[in-house]
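For the sequence shown, numbering that gives the first Met the number 0 assigns the number 0 to the initial residue and increments by one for each residue that follows.
For the record, the hints were derived by calculation from the structure and aren't laboratory data.
Some clues are possibly wrong.
Said to hold, decoys possible - Below, a list of computed lysine-lysine pairs in the PhoX-like style, where the Cα atoms sit at most 25 Å apart: (1) LYS75 <-> LYS148; (2) LYS36 <-> LYS25; (3) LYS148 <-> LYS25; (4) LYS52 <-> LYS67.
As the list claims (entries may be wrong) - Computed spacing ranges between beta-carbons, pair by pair: (5) LEU1 <-> ARG176: 18 to 24 Å; (6) THR88 <-> THR64: 17 to 23 Å; (7) PRO50 <-> LYS101: 21 to 27 Å.
Glycine included, C-beta positions come from ideal geometry on N, C-alpha and C.
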Amino acid sequence: MLELDHSHQVALYAISSILPFDNTEKLAIESSQTWVKSGVPIFRTQSPNIPPKHLVSYSVVVDTTNQKILLGDHIKSNLWLPMGGHVDTDEDPKLAALRECKEELDFTTSLINNNPVFISVSETVNMIHNHVDVSLWYILNGSITNHFKIDYNEFKEIRWFPFDQIPYNNTDKNMERFIRKLKTFIK
């Protein structure tokens with residue numbers, strides 16, 4: 000059996016900590032565990048697709064009191080997305096989530112849960128380069144009263160959305176499943 004290095008072990012632990020919400024997530028967990036256990040490179044080392052499958056941490060800022068989620072109008076994808084980005088080489092995915100929140104919003108906060116609460120595996124297809132993002136979704140503490148300094152190189156604007164008013168036609172294809180799981184998680 001292949002002995003995994005520390006960064007692969009950390010990623011495997013994060014993935015294995017997720018309780019599947021539905022069969023789609025169960026399959027994503029299983030395929031991602033197999034991928035990490037294989038020992039292949041899991042961190043993007045060159046944009047946009049080296050290696051062609053790599054880890055992403057979503058930094059989902061949530062106001063649990065007001066039942067709202069912070070999304071940004073992402074410049075490259077033209078979608079309303081949580082903050083987040085690629086996990087750096089040998090970086091703990093949860094630290095990547097906190098780092099991305101700081102970089103994109105100039106906002107320091109804490110995790111609501113120490114482990115990701117959701118996973119998605121998505122192929123990004125464009126005319127030049129395809130790649131697969133294995134995205135770990137971390138929930139971060141936020142409030143509609145927080146002040147943010149948006150990174151305008153990443154997002155056109157940011158906005159708080161009530162859980163029942165998410166623009167599902169213009170966001171990550173897994174967002175609706177995530178919101179359903181989030182509602183059960185933060186009761």
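Comparing the hints with the structure gives:
1. LYS75 <-> LYS148: holds, 19 Å
2. LYS36 <-> LYS25: Distance of about 17 Å is within 25 Å: holds.
3. LYS148 <-> LYS25: Since the Cα atoms of LYS148 and LYS25 sit roughly 36 Å apart, the hinted pair is violated (cutoff 25 Å).
4. LYS52 <-> LYS67: Status violated; Cα separation ~31 Å.
5. LEU1 <-> ARG176: 18 to 24 Å: With Cβ atoms ~32 Å apart, the hint is violated.
6. THR88 <-> THR64: 17 to 23 Å: Given range 17 to 23 Å: violated, Cβ gap about 37 Å.
7. PRO50 <-> LYS101: 21 to 27 Å: holds, 26 Å
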